[in-house]
Amino acid sequence: MKNSLSITVLCAILLYSYNIFGQTTDDIGLSELKTPSSPAFTILGVQPTDISRPKSYQALETSLFNASGAGGSLVLPNSYALEFSPFWISNHPDLTFDNYVEPNIPNSILQNLSISIATTELKNTTDTSIVERKIGFGLRTMIISGSLPKEVKTLVSLISVNQLLVLDAISPFQFVLLNDPSIKTREDLVTKAQAEFNSRKAANSFTNPDSVQQVINNFIKPFLVLSNASMHNEWVNEINVEIFKKLDDYKTTKEINAAAQKLREMNKDYYGFMLEFAGGLVLDFPIGTFDYSGIPKYGIWLTPTYRVEDRSFEASLLFRLSEITPHDSTTKDHSGRKINFRK
Amino acid sequence: MENIINDPTYTVQDGTIYSLTVIIGNGQLGSSALKNFDGEYIHGAVNNVILGDGKNIRGKNLLITSMVTDANSNTNTTVISYKLNGDTIGPYSKDVDTDNSSISYTTTIHFT
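Chains R and C, in that order, give the protein sequences. Following this note's numbering, the numbering of the first sequence begins with 1 at its first residue and continues without gaps. Following this note's numbering, the numbering of the second sequence begins with 1 at its first residue and continues without gaps.
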C-alpha cells in the first residue's frame, strides 16, 4: 500500500514537473493549471472587483442594459464583468429537493452551469492612439457531481421535524377559523383549536404531540393574549399574517435556519468521483470596432476528482488545452495534466 | 416569515376520484399539512392523497398549510404547486428575505 502510494505521488510530481518545464511560461502561468472559477475572467487576465451576478431575468436584462451604453446602443463597455447561472434565473416548480441534490448527468450540467463574461481595454502596442478592446466568454459546469454527504439526511430530517412542529401547531387554528365563522373571541378560538388539536392527537397524527403542544402553549397562546382582535376576520388576520411575522424570532424557526445554512454549504462536501468542465475564449477587437475581430486565446479545462467520504483525502487530475495566437500570427499550443493531492 | 395566502378554485367532475400532490420546487425543502375530507390529518410530504369523488367534494374547501425553507444556495426563490390529477394549481413563488429563512404558504382550494 505504501509503495503504491509512493509511485502515485512520484507520477504526480513528474507530471507536475512536465507542466512547469514543458510549457511556454511567458504566456500561461501556473495558476492557469487550475480550473478557473470564472473562466472568462481568467482567460482575459482580469480580476474584476465589481461583478454583476444577476439571479433573475429582470436583473440580467438590467445588467446588460446598463452595460450597453446610453439609449441601449451597442457599445462595448470597459471593465464590465458578469457572471450568472442560466438555470437559476428562472423557477423550476417541479425540481424537488431530492432531484436537486442528486442530479443525473444532464441535470447536473444544467444546474451547475455558470456563464461568465468580462471586458477590458488597453492601448494598442503599435499605435497607442488606438484602444484595443477584448471580451472574455467562459462557462463552467459540473458534469458528475459526486455522492451526497450523509450529513444531508440528518439536516433534512431536522428541518422537516421542526417545520412540522410549527405546521402542526398553527394548522388547527387556521382550520377552525376557516370552518367556523362564529369564532369572534380569543377564548372561543383557543378552545376550538385545542379541541381540533386533541382530536388529531387522539388519531395518532403526531410523532411528538407534546412538542406540538409546547409550541401552542409557549408561542401561539402568548401571542393571542396580546391581540386586540374581536371579529372573526381580525382573528383570521392574526393567525394567517401576524403570527407568521413573529415566527422568525421563535427558537424552532431559528433551528430550521441554522440547519438550512449548513445544508446550503453542503455542496462543497460531495464525495466520490466528480468531473468538472470549464471553457473560455477571448474575442479581440484590435482597432476597437466591431468590424474587425479575432480569437487570440481560448482554453478548455477538464478536472476529474476523487474525494473520500470523510474528506480527508482528495485527488484530482487536470487536463487543460489552450491556444494563444498573438498578433504576429505565431501559434502556440499548450496542454497540461496535473495531479493534486490534498490531505 | 411571510405567509402567502392563495384561494384558488377548482372545478371537479362527478365520477372522477381526485388526489392531491404538493410539489415544493426549486430544489427547496418543504413540508405541508392538511386535513382531508375524511377527517384524516396528513402532514409531511403530500403525495397522491385521495380527496374523494368529484360529486362528494364539490362545494368543500381544502386548507393546505406549507412551510418552505431556503436550502438551495443557487436561489432564494421558493416555489410551490398543487397537482390535482393531471392539473396544476400554481405555481406560487416568493423570495425569502434572507438566506436560509422560510416562507409559509396557506392555500385554500375551493372545489366547485
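Be aware that a few hints might be false.
Unchecked claim - On the chain C side, residues computed to face chain R include the following (Cβ under 10 Å): (1) Leu29; (2) Tyr41; (3) Ile50; (4) Gly52; (5) Asp97.
Claimed, not checked - Derived CB-CB ranges, DEER-like: (6) Asp87/C to Lys246/R: 31 to 39 Å; (7) Gly59/C to Thr154/R: 24 to 32 Å; (8) Pro106/R to Arg58/C: 36 to 44 Å; (9) Ser182/R to Asp7/C: 54 to 62 Å; (10) Pro8/C to Ile295/R: 50 to 58 Å; (11) Gly294/R to Pro8/C: 51 to 59 Å; (12) Pro91/C to Glu314/R: 34 to 42 Å; (13) Asn47/C to Ile295/R: 46 to 54 Å; (14) Asp310/R to Gly44/C: 29 to 37 Å; (15) Glu40/C to Phe273/R: 12 to 20 Å; (16) Asp310/R to Gly59/C: 51 to 59 Å; (17) Asp87/C to Ser56/R: 24 to 32 Å; (18) Ile143/R to Asp7/C: 16 to 24 Å; (19) Asp94/R to Ile5/C: 42 to 50 Å.
I should point out that these hints are in silico values taken from the structure, not numbers from a laboratory. As the structure is a computational prediction, the values presented were derived from the model and not from experiment. Here a beta-carbon is modelled for each residue, glycine too, at the ideal position from N, C-alpha and C.
Worksheet item: Quick one, is the Ile50/C hint okay against chain R at 10 Å, beta carbons?
Response: At about 17 Å, which exceeds the 10 Å cut-off, the nearest Cβ of chain R leaves the hint on Ile50/C violated.
Discussion item. Verify the CB-CB distance for Gly59/C and Thr154/R against the hinted window 24 to 32 Å.
Written reply: 44 Å, violated
Worksheet entry | When the least beta-carbon distance from Asp97/C to chain R is tested against 10 Å, hint result | Holds: closest Cβ of chain R sits about 9 Å from Asp97/C, inside 10 Å.
Worksheet item: Using the C-beta atoms of Pro91/C and Glu314/R, is the stated range 34 to 42 Å upheld?
Response: With Cβ atoms ~39 Å apart, the hint holds.
Item to complete: Closer than 10 Å between Cβ atoms is the bar; does Tyr41/C clear it against chain R? Give me holds or violated.
Response: This interface hint holds because 4 Å falls under the 10 Å limit.
Practice prompt. For Asp87/C and Lys246/R, compare the CB-CB distance with the range 31 to 39 Å and indicate the outcome.
Written response: About 35 Å separates the Cβ atoms of Asp87/C and Lys246/R, which means 31 to 39 Å holds.
Item to complete: May I ask you to test the hint 50 to 58 Å on the CB atoms belonging to Pro8/C and Ile295/R?
Response: For Ile295/R against Pro8/C, whose Cβ atoms are near 52 Å apart, the range 50 to 58 Å holds.
Item to complete: With respect to the beta-carbon atoms only, verify the hint that Asp94/R and Ile5/C lie 42 to 50 Å apart.
Response: Because 23 Å falls outside the window, the suggested range is violated.
Worksheet entry | Range hint 12 to 20 Å (beta carbons of Glu40/C and Phe273/R) holds or violated | Given range 12 to 20 Å: violated, Cβ gap about 45 Å.
Worksheet item: Should the hint that Gly52/C touches chain R count as held when the rule is a Cβ pair under 10 Å?
Response: At about 17 Å, which exceeds the 10 Å cut-off, the nearest Cβ of chain R leaves the hint on Gly52/C violated.
Worksheet entry | Outcome of range test on Cβ distance (Asp87/C, Ser56/R; 24 to 32 Å) | Roughly 27 Å apart at Cβ, these two residues keep to the hinted range, so it holds.
Item to complete: Return holds or violated for the Cβ distance of Pro106/R and Arg58/C against the range 36 to 44 Å.
Response: Hint holds: Cβ distance 42 Å, inside 36 to 44 Å.
Checked against the numbered hints given earlier, the structure breaks hints 3, 4, 7, 9, 15, 18 and 19 and satisfies all the rest.
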